[in-house]
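K.L.:
Taken in sequence, the protein lines are chains A and B.
Last residue of the first sequence: 333 in our numbering, with the numbers rising by one and none dropped.
Last residue of the second sequence: 333 in our numbering, with the numbers rising by one and none dropped.
Bear in mind the hints are in silico, worked out from the structure with no lab data behind them.
Each hint should be verified, as a subset may be incorrect.
Which copy is meant is left open, so a pair is good if it fits within one copy or across any two.
[Said to hold, decoys possible] Once the Cα atoms are required to be at most 20 angstroms apart in a straight line, the calculated DMTMM-like pairs of lysine to aspartate or glutamate come out as:
no.: 1; residue 1: LYS223; residue 2: ASP298
no.: 2; residue 1: LYS252; residue 2: GLU229
no.: 3; residue 1: LYS174; residue 2: ASP152
no.: 4; residue 1: LYS252; residue 2: GLU219
no.: 5; residue 1: LYS223; residue 2: ASP147
no.: 6; residue 1: LYS77; residue 2: GLU320
no.: 7; residue 1: LYS252; residue 2: GLU110
no.: 8; residue 1: LYS223; residue 2: GLU202
no.: 9; residue 1: LYS294; residue 2: ASP232
no.: 10; residue 1: LYS185; residue 2: GLU170
no.: 11; residue 1: LYS51; residue 2: ASP25
no.: 12; residue 1: LYS252; residue 2: ASP220
Keep in mind the model is a prediction, meaning the values are calculated, not measured.
Protein chains: 2
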Amino acid sequence: MSKPFDVTAIGSAIVDVIATVDDRFLLEHGIAKGVMTLIDEYRAQTLHKALSGAREIAGGSAANTMAGLASLGGKGAFMGKVRRDRLGQTFAAGMAELGLRYTTRMAEDGPSTACCLIAVTPEGERSMNTYLGANLEFSRKDLTDAEISDAQVLYIEGYLWDAPLAREACLKAIEVARKVGTKVAITMSDPFLAARYREEFTAMLDAGAFDILFANEDEVKSLFESESFDHVLQRVRGWGRIAALTRSEKGCVIVSADEVHIIEAAPVVRVVDTTGAGDQFAAGFLYGLTRKQPLDRCGRLGALAAAEVISHLGARPETSLRKLAAASGLA
Amino acid sequence: MSKPFDVTAIGSAIVDVIATVDDRFLLEHGIAKGVMTLIDEYRAQTLHKALSGAREIAGGSAANTMAGLASLGGKGAFMGKVRRDRLGQTFAAGMAELGLRYTTRMAEDGPSTACCLIAVTPEGERSMNTYLGANLEFSRKDLTDAEISDAQVLYIEGYLWDAPLAREACLKAIEVARKVGTKVAITMSDPFLAARYREEFTAMLDAGAFDILFANEDEVKSLFESESFDHVLQRVRGWGRIAALTRSEKGCVIVSADEVHIIEAAPVVRVVDTTGAGDQFAAGFLYGLTRKQPLDRCGRLGALAAAEVISHLGARPETSLRKLAAASGLA
Numbered sequence: 003m004s005k006p007f008d009v010t011a012i013g014s015a016i017v018d019v020i021a022t023v024d025d026r027f028l029l030e031h032g033i034a035k036g037v038m039t040l041i042d043e044y045r046a047q048t049l050h051k052a053l054s055g056a057r058e059i060a061g062g063s064a065a066n067t068m069a070g071l072a073s074l075g076g077k078g079a080f081m082g083k084v085r086r087d088r089l090g091q092t093f094a095a096g097m098a099e100l101g102l103r104y105t106t107r108m109a110e111d112g113p114s115t116a117c118c119l120i121a122v123t124p125e126g127e128r129s130m131n132t133y134l135g136a137n138l139e140f141s142r143k144d145l146t147d148a149e150i151s152d153a154q155v156l157y158i159e160g161y162l163w164d165a166p167l168a169r170e171a172c173l174k175a176i177e178v179a180r181k182v183g184t185k186v187a188i189t190m191s192d193p194f195l196a197a198r199y200r201e202e203f204t205a206m207l208d209a210g211a212f213d214i215l216f217a218n219e220d221e222v223k224s225l226f227e228s229e230s231f232d233h234v235l236q237r238v239r240g241w242g243r244i245a246a247l248t249r250s251e252k253g254c255v256i257v258s259a260d261e262v263h264i265i266e267a268a269p270v271v272r273v274v275d276t277t278g279a280g281d282q283f284a285a286g287f288l289y290g291l292t293r294k295q296p297l298d299r300c301g302r303l304g305a306l307a308a309a310e311v312i313s314h315l316g317a318r319p320e321t322s323l324r325k326l327a328a329a330s331g332l333a
Numbered sequence: 003m004s005k006p007f008d009v010t011a012i013g014s015a016i017v018d019v020i021a022t023v024d025d026r027f028l029l030e031h032g033i034a035k036g037v038m039t040l041i042d043e044y045r046a047q048t049l050h051k052a053l054s055g056a057r058e059i060a061g062g063s064a065a066n067t068m069a070g071l072a073s074l075g076g077k078g079a080f081m082g083k084v085r086r087d088r089l090g091q092t093f094a095a096g097m098a099e100l101g102l103r104y105t106t107r108m109a110e111d112g113p114s115t116a117c118c119l120i121a122v123t124p125e126g127e128r129s130m131n132t133y134l135g136a137n138l139e140f141s142r143k144d145l146t147d148a149e150i151s152d153a154q155v156l157y158i159e160g161y162l163w164d165a166p167l168a169r170e171a172c173l174k175a176i177e178v179a180r181k182v183g184t185k186v187a188i189t190m191s192d193p194f195l196a197a198r199y200r201e202e203f204t205a206m207l208d209a210g211a212f213d214i215l216f217a218n219e220d221e222v223k224s225l226f227e228s229e230s231f232d233h234v235l236q237r238v239r240g241w242g243r244i245a246a247l248t249r250s251e252k253g254c255v256i257v258s259a260d261e262v263h264i265i266e267a268a269p270v271v272r273v274v275d276t277t278g279a280g281d282q283f284a285a286g287f288l289y290g291l292t293r294k295q296p297l298d299r300c301g302r303l304g305a306l307a308a309a310e311v312i313s314h315l316g317a318r319p320e321t322s323l324r325k326l327a328a329a330s331g332l333a
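Just chain A, same shape as in the assembly (with noise of 0.2 angstroms):
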């Protein structure tokens, strides 16, 4: 019986706030150049108001992910906080367009719709400072039980273990998930947060909590705590679910119980932003999966939707991933 979703994400829903300034702008205001830097609202307030002229785009891992399998033609539900604001509104109208199903009550008070504002300097570099907001309010009354049994998989962002009402709501989920056979994939999203919750990450996976897990190469040694590849790639093959582990420019390699395969990098033009790389190459890596295609070819998937938002500012396709999948011969 097919489901109406591919997949359902619980993310952040984030506005990106990018603008372009000078290194005055940034000494000006105390900006950390090249690192992200976690904000408060009223700074967040400051800094949006200096960066006049600012592009504003949805986005958030997670949500980046949905719209990148919307680009390539699947369909997908959001779950994810933001308040009744500009920017929540920009958000959700942002999924919207995708013809992403986002239904998440919004707030009407307490923090506003998070946002990270992006100074990029001339040179190309981006000094990011996330301000959470609203995320830190998504709570288990949130969650919308339908759209976890009516998605083939439940997407999980791993940042949301850094609040507290957020992770709780993605332990419940994922126990509905678990009674109406959706699988549950999630992200570890930062070498740091893997390193935080290592326990507790590493017991839910030999639980069986997860089916499909995605790193970067960073993330996974994070994780089990080895600086060698090789042995991470043997913790994992002992998991025995599905691992896609992403390595930059070295391509991927993705793993089940039985199998192992390498994936070269797609190739790319220029890289111009490597930023959102990991969510594309879980957006490709999803739409074949659900699609019951082979690993190895969910693998070339997810390299071809990372090579295309790589090659290009900003965290989303600009390019229709299905019709670069078509020319590929991979849709």
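With the hints as your guide, set chain B onto chain A.
P.N.:
Quick look at chain B alone, frame taken from chain A:
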């Protein structure tokens, strides 16, 4: 019961003649720059005379591997044909110096000892001119069965398939090895060679003639007629024996019936000359394998030996591989 030799190899017995020249020399002598050209005896003599002040170093692919094995502290024997001439004595002396058993009867007449005349231009480019000479005379009569049964592994240089008598001798040697329980390893040597003998090699692989396959990425893609590394990986997994697939700076992939290991290349400060990387990889790998090391460790030993040889001119180690391995906790 332990055997006196770790490895017995059959390969080309070649002396490398290396000299630094200028571009005018290449033009005057009609040497194609940067490639390997097969030449005849007359031309070999002419060029050898012209390359005044050249260094003569025992070489040959499998012989280089045995030099690496010796540098690691391994024991071995080598079979390959030289003529009783000055270069033949140089080759034999090189093997003796390394403590390797080398008793193949020297030819008293016929083609002279093989040499590879290497003209190195100031920018470091090598233009190679190979005269196969006495190697073409290696035949079944030159096999010493005891040296095959006395070794854990019989290592065969694929290049010999271009020498009909030597190829026939290799087939006989494999038969002997099968009878006495010596494992058989082959190295593919060259992508064009793998293509020329594709049907024979793949039939032999599938018939169980080889226990261990060494090939670089180009060679294994050529052997299995595929552009996709993952495709050849699956083919090799299906084969079910041990394969060591080298990928230059991407490291190597080691495969057996149950195992897949992805090993990083060992760090190199500056790549000077990649000649001999595959030969030394095989040396490290076989050293580990004959000491019953796990496959990932064998791969790391191979990577270590390859890293040493590409950091200087020439195809044999200049630093004790045993000491390097000890420093890396691998010996």
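K.L.:
Now look at each hint and say whether the structure bears it out.
P.N.:
The hints, checked one at a time:
1. LYS223 - ASP298: Cα proximity of LYS223 and ASP298: across copies only (17 angstroms, versus 22 angstroms in one copy).
2. LYS252 - GLU229: both (17 angstroms within a copy, 16 angstroms between copies)
3. LYS174 - ASP152: Within. Shortest intra-copy distance 16 angstroms satisfies the 20 angstroms Cα cut-off; inter-copy 64 angstroms does not.
4. LYS252 - GLU219: This pair counts as both: shortest intra-copy Cα distance 10 angstroms, inter-copy 14 angstroms.
5. LYS223 - ASP147: neither (33 angstroms within a copy, 48 angstroms between copies)
6. LYS77 - GLU320: So LYS77 and GLU320 pass the 20 angstroms test inside one copy only (18 angstroms; across, 60 angstroms).
7. LYS252 - GLU110: The answer is neither: 46 angstroms in one copy and 53 angstroms across copies each exceed 20 angstroms.
8. LYS223 - GLU202: Within one copy only: 16 angstroms inside a chain, 42 angstroms across chains, cut-off 20 angstroms.
9. LYS294 - ASP232: between (28 angstroms within a copy, 19 angstroms between copies)
10. LYS185 - GLU170: Only inside one copy: LYS185 and GLU170 sit 18 angstroms apart there, 56 angstroms across copies, limit 20 angstroms.
11. LYS51 - ASP25: For LYS51 and ASP25, only the intra-copy Cα distance (18 angstroms) is at most 20 angstroms; the inter-copy one is 64 angstroms.
12. LYS252 - ASP220: The answer is both: 13 angstroms in one copy and 17 angstroms across copies each meet 20 angstroms.
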